[in-house]
Amino acid sequence: MRRRPLRLLATITLAAAAQSAAAEGIGDAARGADLFKGQCAGCHQIGNGAANRVGPRLTGVFGRRAGRVDGFAYSKAMARMGSDGLTWTLETLDPYVANPRALVSGTRMNYRGLPDATDRADLLAYLRDFSDQPGNIPEAEPTARKTDPDLDPAILAIQGDPDYGAYLSSECATCHQADGSDQGIPSITRWPPQDFVVAMHAYKQKLRPHPVMQMMAGRLSNDEIAALAAYFAMLD
Amino acid sequence: MILNRRHFIGTGLATGAVLAAPTVWGQAKPRVVVIGGGAGGATAARYLAKDSDGALNVTLVEANPVYTTCFFSNLHLGGIRAFDSLQHGYDRIGAGVTVVHDLATAVDRAARTVTLRGGQVLAYDRLVLSPGIDFKDGSVPGWTVEHAEVMPHAYKAGPQTQLLKAMVQAMPQGGTFAMIAPPNPYRCPPGPYERISMIAHLLKAGNPTAKILILDPKEKFSKQALFEEAWGKYYDGMVDWISPEFGGGAVEVRPDTMEVVIEGQAQKVDVCNVIPGQIAGKIAALAGVTDDSGWAPVDPATMQARADATVYVLGDSSAQGDMPKSGFSANSQAKVASMTIRGELLGSKVFAAKYSNTCWSLLAPDDAVKVGASYEPTPEKIASVESFISATGEDAALRKATYDESLGWYAGITADMFG
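Which chain is which? The protein sequence lines are A and B, in order.
This note's numbering applies: residue 80 is where the first sequence begins, and numbers increase by one.
This note's numbering applies: residue -1 is where the second sequence begins, and numbers increase by one.
Just so you know, these hints were derived from the structure itself, not from any lab.
Keep in mind that this is a model prediction, so the values were computed, not measured.
One or more hints might be untrue.
If you anchor each label on the Cβ, the simulated ranges turn out as follows [as the list claims (entries may be wrong)]:
| hint | chain 1 | residue 1 | chain 2 | residue 2 | range |
| --- | --- | --- | --- | --- | --- |
| 1 | A | Lys285 | B | Pro377 | 29 to 37 Å |
| 2 | B | Pro139 | A | Ala196 | 48 to 56 Å |
| 3 | A | Asp195 | B | Thr103 | 54 to 62 Å |
| 4 | A | Ala120 | B | Ala80 | 51 to 59 Å |
| 5 | A | Met313 | B | Gly235 | 52 to 60 Å |
| 6 | A | Arg269 | B | Gly245 | 39 to 47 Å |
| 7 | A | Pro271 | B | Phe81 | 38 to 46 Å |
Even for Gly, the Cβ is constructed at its ideal location relative to N, Cα and C.
Hey, can you work out the whole structure from these sequences and the hints?
Shown next as structure tokens:
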């Protein structure tokens, strides 16, 4: 009798761990280091004390505006892309490394591109390690790919699970008070569930402008939004 | 029935009684001991009790009967918030949490017990450590924690906050305030720079010719463009940030003569706020769950210590990856940990971990900015998957709305922590 609950505990723990490791890292940074040596290191340096060579130093490239490393003479095309707002992120570096001229037509970077997506992911994972770390600079570029929720055409028809909503609501309760009081952050209790669902999808699609709510709603799946709507509707 | 079995065991019968109390379901309620009554620990204790409907024995160990929040303590320095508005008792935390005001002095992970300074020994089935930070010896040459009365850190809110404010108010006209900023990683990444903004605001009113020096070992810091814009706009010419390139990184202090030594040059200052390098709160090291970095590595999906799956480490003390050390992060992590613990001890449903953080900073009255991100566990760490930050040049109405939002957040998180 004593043994069984303990074994059950172990099973639950394993299940929790397996289910929870949701996000994907950018790629294999160790493999990326080898790719960097083979593909990039002839022209670029990276790390502490890296200098501009044929190409600009790549330390801190994530989150940096294109064409803005001090002391490096960029092509007009790259300088203009920077002025227009091009910033190096996972989403912009990936196509640039795949085919530099397809993103910045007049770039002086004389590189044919890295066609394999896995190679690029591994290389970018390596480069990412030499830019700001979010633990120290929270606004720094992400270090993993977000898990995208599936979109369901019949979103409004989903019957939310209020128990799941109760669990998810603990994140909401950090800012929105469960007793419905409104002190700088609006009350979200006792809304009609459909209104709640529509509002959350408006944040998710960045139609409503508030960045905190865009972020919070952006990672909730349709079922999760329905669950929250069901839960908050019944709070009194 | 032994539903009310005492789990406070006096020193006299400690060892025998503890060893005679194996973890078996059906004999007694599973016991969870939470050490540290801040944003991580108080939240965890409340959620464990509230969501388990009395099925867990939850004990919260916190040395101070009244908790002073570190978040918003800079607003007190700026004269914008009363000190007592930062203080919270534990009387509303809920009937399911037994609060013990004592200091945990030892953890025996083999026996699963926690010893308190008063001699009590608490047995646990799961232990939650949320002890915040301690200061790293030798981080700032010339300064030890014994000098905190002369050169305060004010990085654990309480009497240190009040001392620093009194010192700033007593500065001579045109005097110099110096801050020794901390190296990464430390509690509240924008905190030192919000503090500078608030101290500048206080000085601007009563001592407008005073100077503020920041000596920083870091080449950059969170919200830097926003802070620098505000210092130029509101406190022009008052604030001087000295990066490591210009000697800000290798600074010695002399508490006896109130001097700071920058690149060999001693300079007299009137107030010196030393924010040293940091490590996990001491009990985490005593429990043997920290590594060489001084922080406690945890499983990113659950907040379980890598060293011991029956111990959870929350908030500032944990080394989890991309989340900044903040009250918001600790509160977010506490919810994942308490859900996991209920799953383990009571078999309740466990969902995929989700974490988030937002840090608001006040630049001047009614002018606040924010930075935030959402996080998901990967096998290696808690990883940032999306982030945002306020923009420079935002209009006054938006900044005021951001400030109002921060007030709402304070009310929300303190209600979430203390009931």
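Status of the hints after comparison with the structure:
1. A:Lys285 x B:Pro377: 29 to 37 Å: Between Lys285 of chain A and Pro377 of chain B, where Cβ atoms are some 30 Å apart, the hint holds.
2. B:Pro139 x A:Ala196: 48 to 56 Å: With a Cβ separation near 50 Å, Pro139 of chain B and Ala196 of chain A satisfy 48 to 56 Å, so the hint holds.
3. A:Asp195 x B:Thr103: 54 to 62 Å: At 56 Å between Cβs, range holds.
4. A:Ala120 x B:Ala80: 51 to 59 Å: At 58 Å between Cβs, range holds.
5. A:Met313 x B:Gly235: 52 to 60 Å: holds (57 Å)
6. A:Arg269 x B:Gly245: 39 to 47 Å: At 58 Å between Cβs, range violated.
7. A:Pro271 x B:Phe81: 38 to 46 Å: holds (43 Å)
Of the numbered hints given earlier, the model fails hint 6 alone.
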